[in-house]
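A.B. asks: Each chain, written out:
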Amino acid sequence: MGAQPEPTLVCRSLRRRFGEIEAVRDVSFTVAPGETYGLLGPNGAGKTTTISIVCGLLRADEGSVEIEGHQLTTRDVAPRKLIGYVPQELALYPDLSGRENVRLFGRLYGLSRAEAARRGDEALELVGLADRGKDRADTYSGGMQRRLNIALGLLHRPKLLVLDEPTVGVDPQSRNAILESVDALGREGMAVLYTTHYMEEAERLCDRIGILDAGELKAEGTRRELISLVGEHDRVRLAGGGDLHAAAAALAAAAGVERAEVADDAIELVVADARQLLPELLRRATESGARLDAVEVREPNLETVFLHLTGRALRD
Amino acid sequence: MHAALLICANDLRRRLRDRSALLVAVVIPLALAAVFGLTLGDATNGDVTFRYAVVDADRSATSRSFQDEVLAGLERQGLVRLRQVARAADAERLAERGTIDAAFVLPAGLGRSVAAGQPARVEVIGSPDAPLGALVARSIAGAWAGDVSSVQVAVRAAIAAGADPADAGALAAAAHGVPAPLEVVDVSTEERQLDPTTFYAAGMAIFFLFFSVQLGVTSILEERQQGTLARLLAAPIGPRAVLAGKLLTSVVVGLVSMTVLVVATTFLIGASWGNPFGVALLVVAGVLAATAVAALVATLARTADQAGTWQSIVALVLGMLGGAFFPLDRVGGLTARLSLLTPHAWFSRGLAELTGGAGAAGAVPAALVLLAIAAVVGGAAMLRSGRLVGR
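Each protein sequence line maps, in turn, to chains B and L.
Mapping of the first sequence onto the working numbering: position 175 corresponds to residue 175, and the numbering continues sequentially without gaps.
Mapping of the second sequence onto the working numbering: position 105 corresponds to residue 105, and the numbering continues sequentially without gaps.
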């Protein structure tokens with residue numbers, strides 16, 4: 001069995017206070033190479049403060065940040081080469097072309113003129129802006145500007161890409177393109193730290209998720225781990241006619257079924273893993289005399305987890 | 001340093017594309033200097049020519065001496081243009097119409113009265129439309145009257161001492177020929193005053209310098225609003241490089257603006273700035289002082305708009321107090337003393353030394369004061385720079 005790779009990012013006990021408000025409280029997490037780690041939380045949860053500390057934009061009152069074993073300090077700026085930062089707001093020069101933007105930041109990240117040109121073009125290609133590279137950024141659509149914003153963060157090929165809510169205010173098409181790009185980067189081995197308050201994005205992109213609320217990391221793990229952490233189960237509803245009570249009794253005896261009840265013209269089931277059990281459930285129900293017209297599966301999601309952990313909805 | 005140069009180069013490229021920067025740094029100050037220099041200059045420079053008439057009803061040696069020795073000399077210097085008029089009434093009419101600025105009326109019997117040591121009078125008729133010309137005419141006549149009086153006193157003294165009163169004419173001629181025992185020559189301010197064209201060229205250049213240097217330091221606040229400051233600070237370059245790049249932009253824009261204005265006003269409107277090395281020294285020191293002031297104001301503001309407004313107010317107040325719009329030697333008092341707190345006044349002082357004929361060394365004291373202002377104000381700005389690029 002191979003050794004676990006060293007984490008790209010290690011955050012230890014980060015704390016940051018703004019006056020009376022403790023924006024980040026004892027936050028610790030790691031991100032491994034090729035892993036996409038999501039910080040999920042509502043607005044004001046401390047996501048941006050956390051990644052500002054990770055990127056060296058804010059000094060932590062306590063705690064430490066290590067990138068590939070290098071301690072991040074305000075004095076030693078060299079480790080910042082290892083980080084690509086995509087801020088929440090657009091951070092580009094609108095009066096420069098896309099190509100001029102990427103080349104400038106390439107040079108600022110220490111690339112030679114030729115290298116900055118080459119990697120800049122590659123980054124534009126990656127985000128689908130190669131054919132608009134010569135145009136001024138302020139002639140781009142909102143979605144294209146978002147994509148350029150991402151290209152600026154990854155053109156120097158960082159070990160860790162930090163994205164702060166990159167899809168806020170983006171049209172569905174561009175949003176999808178951004179998510180696909182981030183997904184591809186993770187698969188290529190880049191460590192990605194991704195903040196969002198969109199549960200769907202976290203579920204789709206992230207290998208592990210940290211639930212952040214009021215500056216505290218309430219829980220972290222894979223989606224499945226988080227869901228199981230709060231003891232939630234899948235719910236299946238089999239609607240139809242026939243002998244529903246007999247079918248419910250047969251289903252209740254099946255392995256993995258927690259509960260089976262008849263309600264109206266349907267059998268309501270609580271199961272451990274609906275996707276895995278569904279074929280068996282359907283077979284047992286029909287064999288027991290039930291005539292099924294519709295099947296509905298409801299899996300618990302991160303919204304449920306967030307509600308359970310914090311007592312309020314993600315978008316409150 | 002490399003990162004600071006990259007940031008500066010990027011700012012300059014963007015400013016070149018932004019035509020308003022060119023307007024603020026070069027076009028507007030150049031245009032205003034030209035307008036002020038050409039229009040207001042005529043009212044204050046030594047090239048003004050007054051139009052005077054002379055009514056010589058006396059036609060004596062005395063009246064001719066006034067015309068030949070006083071007025072003719074002024075006419076040769078181009079200060080006055082003379083015309084002879086037969087009667088006082090005609091001269092009065094010309095003055096009333098504004099055809100002349102003033103008229104000297106030398107009444108009949110003037111020479112005889114002077115020779116006899118009796119009271120005599122010369123009349124000056126001033127045009128109501130040219131008070132300055134009339135004032136100058138009265139001064140000319142008054143100075144000549146003083147001369148005549150001293151001759152009369154000398155003649156009377158000679159006769160009292162036993163000279164023959166019949167020789168009064170010869171005595172008067174002799175007394176007239178004696179050189180004045182005391183001559184007052186003003187070699188102070190006049191010699192070190194900028195001519196109007198140079199004054200307004202320099203005034204507009206230093207005044208607009210305080211606007212053009214804003215383009216660098218204030219852009220930190222613009223970049224904060226634009227989001228690019230966060231990206232710059234996240235790059236492996238450090239906040240000092242960002243700050244240095246922005247300050248460098250201000251200095252470069254200021255130097256280019258001032259250099260273009262010095263050269264352009266020299267060739268286009270005839271400003272004379274003096275020793276080029278001295279001017280370069282003053283320009284560099286002035287740009288550093290202006291950059292420091294703009295940086296300090298930027299550290300006090302929250303937004304680029306706020307900084308722009310405050311910097312404009314500061315530039316205007318310093319410009320007015322520092323004598324960018326009018327010569328402070330004509331104001332004097334507290335205003336003149338307060339002006340010494342402004343870079344503008346020291347820049348003008350240094351230039352005045354240079355145009356007065358001093359070599360480059362003449363600009364050193366003013367340049368040192370400007371550098372001291374840059375150091376003090378810039379130091380305060382650096383202490384507060386954490387507000388701009390801090391964590």
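Everything labelled a hint here was simulated from the structure, so no lab data went into it.
Nothing here was measured: the structure is a model prediction, and the numbers come from that model.
Warning: the hint list may mix true and false statements.
[Said to hold, decoys possible] Below are the SDA-like pairs computed for lysine to any residue, each with C-alpha atoms no more than 25 Å apart in a straight line:
(1) K81/B to L16/L
(2) K134/B to G386/L
(3) K81/B to G386/L
(4) K159/B to H2/L
(5) K134/B to E222/L
(6) K134/B to L16/L
(7) K81/B to R19/L
(8) K159/B to G386/L
(9) K81/B to L5/L
(10) K134/B to G227/L
(11) K81/B to L243/L
(12) K159/B to T299/L
(13) K81/B to R17/L
(14) K81/B to H2/L
(15) K134/B to L243/L
(16) K134/B to L12/L
(17) K218/B to K81/B
(18) K134/B to A9/L
[To be verified] Not everything, but these chain L residues come out facing chain B in the computed CB check (under 7 Å):
(19) T228
(20) P236
(21) R240
Note that CB positions come from ideal geometry on N, CA and C, so glycine has one too.
A.B. asks: If a hint holds in the structure, say so; if it does not, say that too.
C.D. replies: Now for the hints, and whether the structure bears them out:
Taking the CA atoms of K81/B and L16/L, the gap is about 30 Å. The hint is violated against a cut of 25 Å. Using a Cα cut-off of 25 Å, the hinted pair K134/B and G386/L is violated, with the two alpha carbons roughly 36 Å apart. Restraint check for K81/B and G386/L: satisfied, since their Cα atoms lie roughly 23 Å apart, inside the 25 Å limit. Using a Cα cut-off of 25 Å, the hinted pair K159/B and H2/L holds, with the two alpha carbons roughly 24 Å apart.
For the hint pairing K134/B with E222/L, the CA-to-CA distance comes to about 24 Å; that is within 25 Å, so the pair holds. Simply put, K134/B and L16/L have alpha-carbon atoms about 18 Å apart, close enough for the 25 Å limit, and the pair holds. Between K81/B and R19/L the CA atoms are separated by roughly 35 Å; this puts the pair beyond 25 Å, and the hint is violated. Taking the CA atoms of K159/B and G386/L, the gap is near 29 Å; set against the 25 Å cutoff, the hint is violated.
Restraint check for K81/B and L5/L: satisfied, since their Cα atoms lie roughly 19 Å apart, inside the 25 Å limit. A hinted pair counts as satisfied when its Cα atoms are at most 25 Å apart, and K134/B with G227/L qualifies at roughly 22 Å. For the hint pairing K81/B with L243/L, the CA-to-CA distance comes to about 20 Å; that is within 25 Å, so the pair holds. Simply put, K159/B and T299/L have alpha-carbon atoms about 35 Å apart, too far for the 25 Å limit, and the pair is violated.
Of the supplied pair hints, the one linking K81/B and R17/L is violated, its CA atoms being roughly 30 Å apart against a limit of 25 Å. Pair hint K81/B plus H2/L holds up; C-alpha atoms about 16 Å apart against a cutoff of 25 Å. Proximity of K134/B to L243/L is assessed by CA-CA distance (about 29 Å); at most 25 Å being required, the pair is judged violated. Between K134/B and L12/L the alpha-carbon distance is near 19 Å, which keeps this suggested pair within the 25 Å criterion.
With a CA separation close to 30 Å, the supplied pair K218/B and K81/B exceeds the 25 Å bound. Among the hinted pairs, K134/B with A9/L is consistent with the structure: their alpha-carbon atoms are about 19 Å apart, no more than 25 Å. Here the hint on T228/L is kept, as its CB sits about 5 Å from the closest CB of chain B, short of 7 Å. Hint status for P236/L relative to chain B: holds, with the closest Cβ pair at about 4 Å, below 7 Å.
Annotation: interface hint on R240/L violated; nearest CB of chain B at approximately 10 Å, more than 7 Å.
Consistency note: the structure conflicts with the earlier hints numbered 1, 2, 7, 8, 12, 13, 15, 17, 21.
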